[in-house]
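Q: Okay, here's what each chain looks like letter by letter:
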Amino acid sequence: MRHVLSAVVQNVPGVLSHISGMLASRGYNIDSLAVGETETPNLSRMTFVVVGDERVLEQVRKQLEKIVTVVQVDDVSAHEHVERDLMLLKVKSPPGGQRSEIRELVDIFRGRIVDVGHDEIMIEISGRETKIEAFIERMRPYGITELVRTGRIAMVRGRNDEDASTDGPQLHDSSIRKYLK
Amino acid sequence: MATADQATDNQLMNGADILVKSLVDHDVEVIFAYPGGASMPLHQALTRYKDRIRTILPRHEQGGSFAAQGYARTTGKPGICMATSGPGATNLVTAIADAKLDSIPIIAITGQVPTANIGLDAFQETPIVEICRSITKHHFLVTDINDIPRVMKEAFYVATTGRPGPVLVDMPKDIQNSACVPDWDAPMELPGYFVEERTAQPEQIKQVAAAIKLAKRPLIYAGGGIISSDSSDELRELVHKTGIPTTMTVMGLGALPNDDPLSMDMLGMHGSAYANWAIRDCDLLIALGVRFDDRVTGRIAAFAEHAKIIHIDIDPSEINKIKEAHIPIVSDVKPALQELNKIVEPKEDIAEWVEQCQTWKRDYPFKYDTQFEGITQQHAISELSRLTQDRKTIISVGVGQHQMWAAQFYKFKDPRTWMSSSGLGTMGFGLPAAMGAQAAHPDALVIDIDGDGSLQMNIQELACCYCENLPVKVLLLNNQHLGMVVQWEDRFHKGNRAHTYLGPTHHAEATGDGDTKYAEERYPDFVTIAKGYGIGAATVRDKADLVAALEEMINHDGPYVLDVQVPYQEQVLPMIPSNHTVDDMIIE
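If you're matching them up, the sequences are chains R and L in order.
Start counting the first sequence at 1; every next residue gets the next number (this note's numbering).
Start counting the second sequence at 182; every next residue gets the next number (this note's numbering).
Derived by calculation from the structure, the hints in this document are not laboratory data.
Check each hint, because a few of them may be wrong.
Taking beta-carbon pairs under 10 Å as the criterion, some of the chain L residues facing chain R (in silico) [claimed, not checked]:
#1 C361
#2 E370
#3 K573
Among chain R residues calculated to face chain L with C-beta under 8 Å, some are [claimed, not checked]:
#4 G14
#5 S17
#6 H18
#7 Q59
#8 K62
#9 K66
#10 V68
#11 V71
#12 S77
#13 S126
Computed list of chain L residues with no C-beta within reach of chain R, every gap over 12 Å [what the hints assert, rightly or not]:
#14 T228
#15 L301
#16 P308
#17 K318
#18 H320
#19 R476
#20 S498
#21 V511
#22 R572
#23 D595
#24 D723
The C-beta atom is built at its ideal place from N, Cα and C for all residues, glycine as well.
Model the full structure from these sequences, guided by the hints.
A: In structure tokens:
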């Protein structure tokens, strides 16, 4: 089973090292890890993709919560959510040749060409993992010279109906508010 | 707690003084500290507070950190140790890891190179916070002098609340030397630390009471959580109200007195046969403040396989970690037991089960060869136990056979009278831990029951015992071997000696070719060593002399080493080999 966990952490030195060290030393299988600041400067958000059964997930979650600088952990994949990867990719594209063909593919996948060199171009594309993988396969025949991807980020969708009050993770209001003020 | 004295309000103070003043404000009475370049300002500050805090100088930082554990384990208050940067700091690492596994509240303070030098491979620089991340409950690298009061408040709060554990505070030297007007009332910033929520819900307590009501063969499995939450009284009330037999982990010894008819003593690899059989046959296992350690469970699938499991622990990550609980309860065990005791009903329908447990206990007690003409380890411990029952005694141990025999044969009556490096299994724990306990309890008889292997791992602390007037006694069960490893060699490796003899390598015993019960050419001479440190010592070999020798040790004014010459073929039994089940238990 694949789960997407999202953790709000205190933005202090060493927190990433602490968390990645814990995951490694306990032997958890992490497919992807992305970190970035949030709307509040003293908190960051980490998004993990964890592979394992319910028991593994429960342990990963509890071990994360046990770290003092981890404020809150949510299983995003337990809710309706949106997931995205961002990728930058350079592909061989000598003048003339197959450039227009590549451009067409980029359009179909709703990517963007962000740089054009003498005989290669750089493409930016975001989307679900499967879409990114498919795009990589389409580009392979042209010759990929460089590729870089972020880890997965994810967010729970907004509520649509009225009695969905239990949908989506809620912040530990009191504690975080206290911290923010 | 950390409100300023009138005298220090609005006063400029240096970082070292602020830190030491924080210790005073948190009621610290004693610190085990070894100085060095990067912690000198802190030591200078300690001299300015010497009428408030006693500073004890260990002879190795590891000794200081285990002494802090000894203080914490026997008082329940946080133990404090301090070392300089680099090697001083790394020498604390073992005791920090040890405190993490046994949930002992210690605060380790380390000097660090000045902030401007951090990361430059400066002299005596190690990234100690980095090294200790996974073995501390929490850790701080102080980079702003204004943070010290808040950091110290957080350090004490985190170390002592919830599941206790070690906290590291790394203090760069420039922070110690710079000055500010400290804000003693700075609030803590711990938005991710929620201990106050962890109390059992009334429905959960009702569930537990109902499960107990239905059970035909209930058993309580009590661990270190009972000791660290000071819940022995609540446990005893539950046991006596319900009449449920109770077994304890090595960390839980003392929770129920050894002579209680419902005590099933210690369970696990070297636990009692009766406790392990009770685990096998029970239909309800009430697990209180325990973590289903592999030394307790053996092969996990077979552990309590017919039982419904109630698991109460303050650490959510312990629930379902090893063994799935049918009634999982995240709670401080103390309030959970208090609530349970209000509603639980006496068990009048388990007489047959209790009778079964007591029959096993009567028929298969811990035993040893009482006819042996010399002194066996078990005999020495039994006699020591008998001679010290009527006075306040605290026992510490090293790691190995003597540790297990002490757990089996010393009769513990009260919590916090027994200290063992249980999770990490650190040899060399016994002497420094005893030292820390003695500093906390000057009037108690503190005895380190040790092996010759373990004692030599921190033997330098005999100097600390002497110089700091800590009258610790060492009952040295000296078999000249690493007995536990020898036992495994004899059981599982055809007696092939692989570096387990502690005398010169040309001796016959080094290759397992000794043909006597004792290793006769004894090395080293512990009596001479002890005397070199200025402390009392004697050696004893004849069984007839044992009691007098023990009495001399007990009554000696000051620290003392009693070197007891014991045979090396004795084995700790019962034994459930690693990852096996109770049905593979070796009893004879």
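Q: Give a verdict on every hint.
A: These are the hints, each one checked on the structure:
{"no.": "1", "hint": "C361", "verdict": "21 Å, violated"}
{"no.": "2", "hint": "E370", "verdict": "6 Å, holds"}
{"no.": "3", "hint": "K573", "verdict": "36 Å, violated"}
{"no.": "4", "hint": "G14", "verdict": "7 Å, holds"}
{"no.": "5", "hint": "S17", "verdict": "7 Å, holds"}
{"no.": "6", "hint": "H18", "verdict": "5 Å, holds"}
{"no.": "7", "hint": "Q59", "verdict": "6 Å, holds"}
{"no.": "8", "hint": "K62", "verdict": "4 Å, holds"}
{"no.": "9", "hint": "K66", "verdict": "5 Å, holds"}
{"no.": "10", "hint": "V68", "verdict": "4 Å, holds"}
{"no.": "11", "hint": "V71", "verdict": "4 Å, holds"}
{"no.": "12", "hint": "S77", "verdict": "20 Å, violated"}
{"no.": "13", "hint": "S126", "verdict": "30 Å, violated"}
{"no.": "14", "hint": "T228", "verdict": "32 Å, holds"}
{"no.": "15", "hint": "L301", "verdict": "17 Å, holds"}
{"no.": "16", "hint": "P308", "verdict": "10 Å, violated"}
{"no.": "17", "hint": "K318", "verdict": "7 Å, violated"}
{"no.": "18", "hint": "H320", "verdict": "8 Å, violated"}
{"no.": "19", "hint": "R476", "verdict": "19 Å, holds"}
{"no.": "20", "hint": "S498", "verdict": "4 Å, violated"}
{"no.": "21", "hint": "V511", "verdict": "10 Å, violated"}
{"no.": "22", "hint": "R572", "verdict": "41 Å, holds"}
{"no.": "23", "hint": "D595", "verdict": "31 Å, holds"}
{"no.": "24", "hint": "D723", "verdict": "51 Å, holds"}
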